[in-house]
Amino acid sequence: MRRADQIAGAGLLLLGVAFAAWGLRSYTYWGPTGPGSGFFPFWLGLIMAALAAWLLLGAIRSGAPDGRWLPQGRGLHRLVTVLGVTAALIAVLKVVGMALGTVLFLVVILRFVEGLRWTSTLAIALGTAAVNYLIFTYWLRVPFPVGVLGI
Amino acid sequence: MDFLANLSLGFSIAFTPFNLVMAAAGVTLGTLIGALPGVGPVSGVALLLPLTFGMDPVSGIIMLASLYAGSMYGGTITSVLINTPGESASVVTCIDGYQMALKGRAGPALGVAAIGSFVAGTVGVVLLMLMSPILARWALSFGPPETFALMLLGLTTVTGLTGESPLKGYMSMVFGLMLAMVGFDIISGDARYAFGINELLDGVEFLPVAIGLFGLGEVLVGAEQVTDMRILRARYGLRDVMLTANDWARSRFAIARGTVLGFLIGVLPGAGPTIASFLAYTLEKKVSKHPEEFGRGAIEGVAAPESANNAASSAAFVPMLTLGIPGSATTAVMLGGLMMWGLRPGPLLFEKNPDFVWGLIASLYIANVMLLILNIGFIPMFVRALRIPYAVLMPLIIIFCVTGAYSLNNKLWDVGVMLVFGAIGYVMKKLDYSPAALTLALVLGPLAERALRQSLIISDAGIMILFMRPISAVLTLLALAAVAVPAARALRQALRGRAPAAAA
Numbered sequence: 000m001r002r003a004d005q006i007a008g009a010g011l012l013l014l015g016v017a018f019a020a021w022g023l024r025s026y027t028y029w030g031p032t033g034p035g036s037g038f039f040p041f042w043l044g045l046i047m048a049a050l051a052a053w054l055l056l057g058a059i060r061s062g063a064p065d066g067r068w069l070p071q072g073r074g075l076h077r078l079v080t081v082l083g084v085t086a087a088l089i090a091v092l093k094v095v096g097m098a099l100g101t102v103l104f105l106v107v108i109l110r111f112v113e114g115l116r117w118t119s120t121l122a123i124a125l126g127t128a129a130v131n132y133l134i135f136t137y138w139l140r141v142p143f144p145v146g147v148l149g150i
Numbered sequence: 000m001d002f003l004a005n006l007s008l009g010f011s012i013a014f015t016p017f018n019l020v021m022a023a024a025g026v027t028l029g030t031l032i033g034a035l036p037g038v039g040p041v042s043g044v045a046l047l048l049p050l051t052f053g054m055d056p057v058s059g060i061i062m063l064a065s066l067y068a069g070s071m072y073g074g075t076i077t078s079v080l081i082n083t084p085g086e087s088a089s090v091v092t093c094i095d096g097y098q099m100a101l102k103g104r105a106g107p108a109l110g111v112a113a114i115g116s117f118v119a120g121t122v123g124v125v126l127l128m129l130m131s132p133i134l135a136r137w138a139l140s141f142g143p144p145e146t147f148a149l150m151l152l153g154l155t156t157v158t159g160l161t162g163e164s165p166l167k168g169y170m171s172m173v174f175g176l177m178l179a180m181v182g183f184d185i186i187s188g189d190a191r192y193a194f195g196i197n198e199l200l201d202g203v204e205f206l207p208v209a210i211g212l213f214g215l216g217e218v219l220v221g222a223e224q225v226t227d228m229r230i231l232r233a234r235y236g237l238r239d240v241m242l243t244a245n246d247w248a249r250s251r252f253a254i255a256r257g258t259v260l261g262f263l264i265g266v267l268p269g270a271g272p273t274i275a276s277f278l279a280y281t282l283e284k285k286v287s288k289h290p291e292e293f294g295r296g297a298i299e300g301v302a303a304p305e306s307a308n309n310a311a312s313s314a315a316f317v318p319m320l321t322l323g324i325p326g327s328a329t330t331a332v333m334l335g336g337l338m339m340w341g342l343r344p345g346p347l348l349f350e351k352n353p354d355f356v357w358g359l360i361a362s363l364y365i366a367n368v369m370l371l372i373l374n375i376g377f378i379p380m381f382v383r384a385l386r387i388p389y390a391v392l393m394p395l396i397i398i399f400c401v402t403g404a405y406s407l408n409n410k411l412w413d414v415g416v417m418l419v420f421g422a423i424g425y426v427m428k429k430l431d432y433s434p435a436a437l438t439l440a441l442v443l444g445p446l447a448e449r450a451l452r453q454s455l456i457i458s459d460a461g462i463m464i465l466f467m468r469p470i471s472a473v474l475t476l477l478a479l480a481a482v483a484v485p486a487a488r489a490l491r492q493a494l495r496g497r498a499p500a501a502a503a
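For the protein sequence lines, the chains are A and B, in the order given.
The letter at position 20 of the first sequence is residue 19 when you use numbering that gives the first Met the number 0, and the numbering goes up by one with no holes.
The letter at position 461 of the second sequence is residue 460 when you use numbering that gives the first Met the number 0, and the numbering goes up by one with no holes.
A few of these clues could be false.
Stated by the list, open to error - Quick list of simulated restraints, FRET-style, between CB atoms:
id, chain 1, residue 1, chain 2, residue 2, range
1, A, Gln71, B, Lys410, 35 to 41 Å
2, A, Ala52, B, Thr243, 55 to 61 Å
3, B, Phe183, A, Ala87, 32 to 38 Å
4, B, Ile372, A, Arg116, 53 to 59 Å
5, A, Arg116, B, Phe2, 55 to 61 Å
6, B, Asp189, A, Ile134, 38 to 44 Å
7, A, Lys93, B, Lys285, 58 to 64 Å
Hints are computed from structural coordinates only; laboratory data are not their basis.
Please read all numbers here as calculations on a predicted model, not as lab measurements.
Beta carbons: idealized from backbone N, C-alpha and C, even for Gly.
Take these sequences, add in the hints, and give me the full structure.
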């Protein structure tokens, strides 16, 4: 985690400084009646920078061995796949619509990532899409993207 | 006495058919969510919040509060039968609960947890009911400095007490406050940190962030763990969960102590059921006449923490309802919900929305009765649900995250925000940052900023105004202590860590 702390510390240090500087430059620090819109952001940025600097220094000076924090092998594979497929679902949601999107997403994950049988995969996917449709579209009237199927 | 009038108003609201159905749905889902590892009460509340938008706020809070109470009961089932906590407030129950199950006493372990939870939950609601109106009346006199000091205290305690690393907790909190700055400033009208992106003008919405951090983020943590769970074969039918006279004699006072301790911890802003359960276990071991039995299946080791977490979950409503400061991560998400329903949390809630407050209190009594029945008579049903493989559960939760985030504004932007914060939540969990502190800061950020700016406007002494009024001085000093104590400890550790290196 030492390496991760160094990266996070450095990144958040920069973010804190940039946040404070932007706040001071673009917004009013102190107006005629009192603190303006730049007052709170400025101090937040400074505090973040100070905390991040502390973390960074600690991580640089620490002699602790660098433990692994990201999963390896199958765990990592599954993590990346799940995140990727979810991102893909969101990207195509407008085109395929919520109902078809749900089915496709579940088929990809259940059949091709988790290796369920086709029958259980389809039962779960269609069942979920139907329940989702009933609750959100029919009952709560959420206007989901309809996509190519029209539902 | 207007007190009884209020309570009967509450029950008249809680006993309407729709609200009873909502309470029943809440307790059932809550027990399930508590039992399933990988989803806890925070995820449950965040995921179900979108369902409540179309409802009356009081029905919404009844469902969410019942869910919260239910998850405290349900977590026990997994701890006892699988030796994996269903949610964080039942971690400590694994120690003696699983040992009891190995010895063939899973039934009494589950039974004592259900009874203890019922006693503690109900006593907790009584205390909540007695204490809140008084506290709310007192808080009505708060001006901006007191309000700011109170929020500072809430933010620093939640941060100092959760997670392994206080430093990372504070970083999470400040990051949340920074996110809260995005969008139109209420006082000046400046569009801060929006960088010309229209969606950012209204700020970073709280719900997609919460769903991302606690829904998707948790699922991703679960996704990388390739484990299968083994459910212990045990008997937990109605007859098996009954306690023997000896069990009852041993756990009676453990339940009482757990209840009192749990409530006291739960009332503190920031310290919730998880901390309460750990402290109750430690206390019980200390006062016990046979501490050597702890860790080998002592029934007190189940009774005390399971009572404490329920008392604390009731108590967590006290600061949330009276002061607008949540007492746990779950109530932080509920507080966000309150604002989305258009209610203003804080002392005025009792005056302006008595139906909401008293309906909630009354329904908590009903929820605890429902939960006692559910967790004595229907345990086999929940155990069956535990057999659903995580591989199936995981994509279903993701679909729920996507639909929930979308249904907020019917915008894909929110789903994108949810995805980004899902990834952030995963990294935060893995690296010991605190998603709970981030969420709390995002909810309280705009209120804290406004209170601070108003304090400085009315002050002739700058920031010192916080120390010049008695209540705000005490609160500010407590908040500073909450920061200083872990900081001093870290500093001492750093110095001690360097000493041997210098000697060598």
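**Report entry** Structure-inconsistent hints, enumerated in ascending order
**Finding:** Of the numbered hints, just 4 does not hold.
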